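Make a model of the complete structure from these sequences and hints.
Read in order, the letters of the sequence shown correspond to residues 17 to 281 in my numbering.
No lab work stands behind these hints, which were simulated from the structure alone.
Treat each hint with caution, since some may be false.
[Said to hold, decoys possible] Below 20 Å or equal to it, Euclidean Cα-Cα: the simulated SDA-like pairs (lysine to any residue) are:
| # | residue 1 | residue 2 |
| --- | --- | --- |
| 1 | K244 | A270 |
| 2 | K244 | E267 |
| 3 | K89 | T36 |
| 4 | K18 | R163 |
| 5 | K244 | M17 |
Fair warning: this is a prediction, and the values are worked out from it, not measured in the lab.
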Amino acid sequence: MKIAAIQMISAISPALNCQTAERLIAQAAGDGAQCIVLPEYWPLMGRKDTDKLDIAEHDGDGPLQAWMADCAKRHGIWLIGGTIPLISSEPEKVFNSTLVYGPDGTVQARYDKIHLFGFQKEQESYEESRTITPGTSPVTFQADDLRVGLSICYDLRFPELYRAMGNCDLLLVPAAFTYTTGQAHWEILLRTRAVENQCYVLACGQGGVHENGRRTWGHSMLIDPWGKIIDVLPEGEGIVSGVVDRGLIAEIRASLPALQHRRLG
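Right, here's the structure in full:
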């Protein structure tokens, strides 16, 4: 299966972000991608953390969900909708949720981000728990013959999440990694997840200086089960793509059966 990640520099206008995403999705689908991933926070990088509350939708109902369903169906693709805010039971908080749409436009999976980012260094400060309700369960889904595991951004730092998914062919990581932490840790963490789980990893980032002044790391990339980077886009809008080769996964797992050699967990 050919897969693709859409790297964006999302603005404060959901309408503008939808136009950008639509253009890049159409390009990726036209190049043969059957599974396309959007980045975390693709519909909105607000001026304030609370801005996401203004566009939050009920699960199964809302313009962002209708747009993603229509897009998946029109292009006949698996669309992994980065993240959108879905209403939670906690006042003034939302779930940061990945919704998966099949080629018929129906929802096939939902994953709510479990690990919430917190970072403080000099003038740079983030605390997602102020506005986000954490999810509780790992999620995988079947895309044709591929078993796919879902994760979001900060989840990347927690290998036990990926182990809990079982053996996957592909791990997805929509993200909005900060420039500071991305420069230090993004690539090494992604390649480690690929090597230790002996599968492909497709990471889909925000990549540039946003209208709200925030700078994200970008470097969307596809990594094979041996840890080799197949494709990468350092910064700016664009597409990262490649093919998931299940034969290579089987070959690596047969020659180095590390997943069978586990003794703990």
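Here is how each hint holds up against the structure:
1. K244 <-> A270: Holds - the C-alpha atoms of A270 and K244 are around 18 Å apart, at most 20 Å.
2. K244 <-> E267: 15 Å, holds
3. K89 <-> T36: Holds: K89 and T36 sit about 18 Å apart, inside 20 Å.
4. K18 <-> R163: With a Cα-Cα distance of about 14 Å, the restraint between K18 and R163 holds, given a limit of 20 Å.
5. K244 <-> M17: 18 Å, holds
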